[in-house]
Amino acid sequence: MPSMNEEKRYWRSLAEHATSPQQDEARPEFEAPLAPPTQQERRHFLKLSAASVALAGAAGCRWQEDHLLPHTQQPEGVVPGIPRYFMTAMELGGAGVGLKVKSYDGRPIKIDGNPAHPDSLGGSDARHQAAVLGLYDPDRSRGFSTLAEGGRKPASENEFRGFAREHFSALQAQKGRGLAVLAGESSSPSLADMKARWQARFPEARWFEYEPVSSPNERLGSRLAFGKVVRTRLILEKAKVIVSLDADILGSRPDSLALARAWSKGRQPEAGKMSRSYVFESSLSETGAVADHRFSLRAEHIKPLAAYLDAELSRRLAAPAALGAAQSAPSAKFLEDPELRKLLTAMIADLAIQPGASVVVVGATQPPEVHALVHRINAVLRNVGTTVQYLEGLDSSEPSAPEALRTLNEEIASGRVQTLLVLDSNPVYTAPGDIDFSAALAKVPRTICASLYVDETASLCSWHVPLAHFLEAWGDVRASDGTISIQQPLIAPLYGGKSAIEILAMLSGDELPWGLQIVQRALAPVVGNAAADPRLWRKSLHDGIVPGTAAAPDHPVLRPIASFEYAGGALSGLEAEPGQLELVLAPDPKIYDGRFANNGWLMELPDWATKLTWDNALLVSPKTAQVLGVTDSTLVTLSMETESVSVPVLVAPGQATGSVKLYLGYGRTAGGSVAGRALAGGSVHGEWDDQASVGVNAYRLRSKRLWDFARGANVKPTTEKYRMATTQDKHTIDRIGKFGTDDRLPMLVREASLTEYEEHPDFVKHAVHHPPLLSLWKDPVKYEGHRWGMSIDLNKCTGCSNCVVACQAENNVPTVGKDRVYMGREMHWLRIDRYFKGDPEQPEVVNQPIPCQQCEHAPCEQVCPVGATSHSHEGLNDMTYNRCIGTRYCSNNCPYKVRKFNFFNFHEDLKEEKNKVQQMVYNPEVTVRFRGVMEKCTYCVQRIQEGKFRASRENRPLRDGEVTTACQDSCPTQAIVFGDLNDPNSQVSQRKANQRDYSLLEELNVRPRTTYLALVRNPNPELG
Amino acid sequence: MQPFVFPRWSNKLVHLAGAVLSIAPLYLIGLVWYGASPRTLDVGYAPKQPVPYSHALHAGELGIDCRYCHQTVEKAATAAIPSTETCMNCHQRIHTRSPKLEPIRASAASGLPVQWTKVHDLPDYAYFNHSMHVDNGVGCASCHGRIDKMDVVAQHEPLSMGWCLDCHRAPEQFLRPVDEVTNMAYEPPSGQTQLATGLELRRAHEINPPTDCSTCHR
Amino acid sequence: MAAVGDLQEWQRESGAADAPAEPKDYRAWQTESRGDNPFARITDTVIRIVETPKPPRAWYIALTISLCWVACFLVAVSHLVWNGIGIWGNNNPVGWAWDIVNFVFWVGIGHAGTLISAILFLLRQQWRTVINRAAEAMTIFAVICALMFPALHIGRPWLPYWMLPIPNQMDMWPQFRSPLDWDVFAVSTYFTVSLVFWFMGLVPDLASIRDRADTTGRRLIYGILALGWRGSARQWHRYERAYLILAALSTPLVLSVHSVVSFDFATAQLPGWHTTIFPPYFVAGAIFSGFAMVNTLLIPARQFFGLKGLIEMRHLEQMNKIILATGTMVGYSYAMEFFIAWYGASPYEQFTFINRAFGPYAWAYWTMVSCNVIFPQLFWFRKVRTNIAAMMVLCVLVNVGMWFERFVIIATSISRDFLPSAWGYYVPTKWDFITFLGTFGIFFTLFLLFCRFLPMIATAEVKAIHPAAHGH
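Protein chains in written order, with the working numbering: chain W, 5 to 1028; chain B, 400 to 617; chain Y, -1 to 470.
Check the hints yourself; a few may be wrong.
From the structure, some residues in chain W lie toward chain Y, with a derived Cβ separation under 8 Å [said to hold, decoys possible]:
hint	residue
1	Gln732
2	Gly741
3	Thr745
4	Val867
5	Pro899
6	Lys901
7	Phe907
8	Gly936
Not close to chain W: a few residues of chain B, all C-beta gaps over 10 Å, as computed [stated by the list, open to error]:
hint	residue
9	Phe403
10	His414
11	Trp432
12	Ile463
13	Met487
14	His490
15	Pro557
16	Ala569
17	Tyr585
18	Ser589
It should be emphasised that the hints constitute simulated quantities derived from the structure, not laboratory data. Glycine is no exception: its CB is placed at the ideal position from the N, C-alpha and C atoms.
Working from the sequences, and respecting the hints, build out all of it.
Right, here's the structure in full:
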């Protein structure tokens, strides 16, 4: 059978891989659970090769030393082919989220949130989901290297150790004079511990913490307000009114996953729980998308707005004198806008009548005094203690990130730095435009860079040390509330990488060389002596959190806040002023500060709001675009002071008039074969070819004046056009198309206000009127046994798109690259439709996830000439890849267009030797599709089978919630529920009993198994 | 020039052609049906193994239970080939010098795996699960044949999709009590036909193997 | 008709065949041989084309061009099979684009042949006799081009046989609910029957070539092809019977094939596809395009091979009338689609048609309407109907229009269906063009070879209706 041969050919390459010498030298390290490869089906070779490569990396390594404690779902322990689960944690920008990792025969293949972790509660975001791909990224640094004339040359670990031993002992002799460390911000106790020891050993050494995406303002604001640093915790469940001042609480805070869950608890109209949120923001955020009232306002306007709120509320609620004088209402031009005024009056009334039941939040990028003021506002609203709680925070005297880098730069310039150690940081790329860090590096005689990739910085350093991925190394992190999680490795370092703490230990000649020991030493105060009594240690590993490590509650005393000074355009009007535009630079929702830029899954993930892939573009509001005379994909020159970049425009509804936004993290010059690589010598092993950078580097625009946002940007249109690949509204919708969309939108996304809902709880039934639905034939299937179904609550979906990546990771969905996305060939099984309503400047937004609807009368099944897609007796719409001949008829006949076709063999690149490692990321329970076949969402049928097998082995019925889909697992708000419709008590059955339940295009009588709960918003009646 | 005329003998050709044309299709179908079927191509495949391990000896004469070596068969999709340690459990005492066992000893010493050759090989998109079959009373012998009589393991059944379906559609032909699965010489209780016992077991344990595509293909 | 048989006998005995010496120029020869036996002249006119050692220059030029395109086609196909459908512009949502457009286009072209040879035969339309042979040939070649697409457009082109009911180890069967499977059977049946029908018609003429053959090669080849035809009354009797039966057989096929093809769309639920008017609409369209193609082919042919005497203006005019009629039917269908969309009151349906006429693909729609409905109206005027240049232009336009009709139906409907989020736009790649033009290469190559090596006109039938066949 040809198809079989095809698949065989494909896998055979893996077989060869598995029996490569690499693996053999690894054998000795093999532990019992991993049986020899030849016994396994070829399909399983990849997981074996995974382990083998892993162990190959662990040359003479700690494998025997380390002990992993499985989160045993299989009590009988290790069985080849039966996955095990381990808890670990991932840190980003100084806060960690606890994760649960699925390990398939020693190979981590799937990541979800740790339900026990305060910042996850089981949810996980796209970056967590995509971490496994990052782990197996073939572009990662494959070993030590050093700078020699004529580019970099690989070096052995021992060479480096040799250099380090002599050099650092010499440094120690001179108390570390001339030694400087540049590290990222981290919450890790053991890193802090190592840092302390480092400073003890090198008293005169300098230590700088630089994080490109970091805003010290929260910390500074807290100091202003309370004279000390506290952690602010929001209790959104209890909040009836949520006011966000340029704060994306659901999307871009370290604790957003948890906040999103809490918020979703307050969005259940049937339970009588409906919070009301007012969002003022410069650019559309997830929080804004689900807001009941949203107003696009420039970031610079937030400060006077806060002052106005404080003034009004203090007056209305007679703020106690102890809180000091209130701000005086500023006479800002924008505040005269009638719409805004109306909104504010209503909102203030709303806040005033329910004291202690509201939350006011301000965005991290807003200036410290605004943060301080918001603390005051919450106090005035009597929210402190109920919806807003304070925990003890760690006050660090460290300078804020921007200053840190500047000081280091000056230190270097003045020749006070002879040795620079760069720990997991990429300043050459992320430094602001007015700091030329590559020049600075050149001035330092000895530079050591520890990084995952030979990136912009590493390639200029005299030594490069491969850094271990967080799934490869021991460590620990703190949650936003201070809870400690132990980061345990899932796999031995693929390329002999070392973790930051191990490198510090190595260089400072610490007596403990191994990560595990270092972590245990650092955590001794909280877990006790693990060697003597491992119980608490094991429990912590098992649960993924160290009990009782959350920060203690704090009751800080509010100090009077000085009255505000306003500068720049703070008091300006709403209208756009060309040449005086506000430029907002923000971390990319997908690739963050650029560190994930080489991750294909994230690169191809459509931006949740703009649906843009493979690029960053200048977001401009429709009105502003008009003023500037630009349209979609016009190439413009964006200049700020002296620096300027050429960037395409993307007209983004919801962008504040006069404010333009550009995401950081793109335009990498040594990012890798995905992110782009244009740098000679970027390659150590010489197998790399140059690659155009993806997007433009927005860091160039940063300066002393502009860190997160500032006024004064200028946009000069050019005549050139730039081709951007979006997955929705591919071609700017013409008049006809817009008419058609507006016409049917109310039927697709059914929506009502809370009052309407209370009057007609069955409003969804009246959204569409169609003749009685008759079927041509009787149902062929009876659906005894299970009847799988899914329900998606539009009231809870924030559009975050984590589920899209989760699905990709679970189901081996390929990435196709920019050009093919542009052609409309993206492969995501689950897409999130985003529609705008109303005024483009102040739009309403709805999100609607669209997986396969698993129709009972599936149109695709009727038309397949070979029966490759057929109906299972459990109501699944099975897709059999190896039967598919690829007529694409099913896709044509699918009203939801959820079927994706393999136009090419999208796994072609894996045949290249250097890419083989990436095969390890595949889920062995899912067929890797060959070109020419159709594929689609299967409700994660492999999980259903696995669950049924488990139940049958244990001679018990399948429990509700035992089988979950990947998208469901990742969803932070639990908007997606999957289960058995034959079980009346199952969660999904109850969801479908809800009156808001409706099915998409029900008038076609295809009877989808995936249905939606209609959207109910809770606008302020006074604004009705 | 004399117009072309078909010679006499060509009349015979006509009949011959007729015969051929009518038989050819049948022949082709036969060819596809039998010639190209796994029953013809795959059955009997018995590759040479690095170690001349005899199931006839171990499973047959010595009567070692299948699960002693293939321990995961009841728990997982694959019935694991035993690790070298398993062999050495006995063979560090028995036949410690046998040259046949050299590869095993070598493997035990070096830690490198013994490279067995796969006999029963399903396509990679077919997801077979041993535990589901063994735990429901499908005997090893039903698919693997009388392993206990094989010195060199050979494929006994075609392992084709049609063959799988034959059983999935009417499992009673092969079902046996779960505690009999590893019994190579299993016979239905005297006086009972396989069909009768099979149906009984099927009813008793509600064994209704699905024939959906997603049962084996995902 | 028995008379004709006798005539044949007579013709061979009298040896009228090898009458005049071979002239260089056919036209000259025609004029001088006016006086001869009319039947001999007919035979001669037709068969000398086959016998002449040196066809007109135009023929060589045309053949070279066509062969070049055949080569391009082969390149495109290898590229396709090697790399996948991705080399075309197809995407999600537009799963079917030029591949299926071309398929339907070519099947449609085929229709005229069968219609002329079968239906007009049953209706005793005598004027058909001069064109039916060429028309049938065109059918065969068009269907060959058409048949390539269902095989090539699938993602794994080495597996089309899975659509056939062949017993196999998988216990898998084709899914007969799928119109694509109906297609497979409809089109292949149609092809077989037309082929047999065509070849049968050829036999007597092949015999006459055989009898006039002066080289052994030709003598042998045509001899075998002629299946020992002697033209005896008995043979003629059988021949007539068989011809009648085959005509009766292919008549329903003319209607069935394109109806079945239209089911591919009519049975889908996609707005713009899902409509009951399709079968008649498609058949009318097919005949429309078919006749246009016949004209496009015959006008040059009669020019270069000097068949003016046989293919007369009245024949062409007849066909133009049919084109006018069917064109108007097609126009009616277009209108009806819009009416039903409005009348059906389904917002999706309505949008589809508004989008068709005014959306991103409006240009394609209006090309279609003008080529298929507006321009053919000129055939109301006798002057246009009988003007070679005019009819040539119009017929080519009709072919263009009919191709666009399929494109409009398939691509525009599917590019914007139910969920606006899934809307897309289809842009062809160079490989789409090469593949399409390549099929023209194949088509014309085959037709040119036909003109050169087979009798372009059914002499026997022409004779049968020749005044001389009915005593003066």
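Taking the numbered hints from earlier one at a time, note which ones the structure violates and give those numbers from smallest to largest. none
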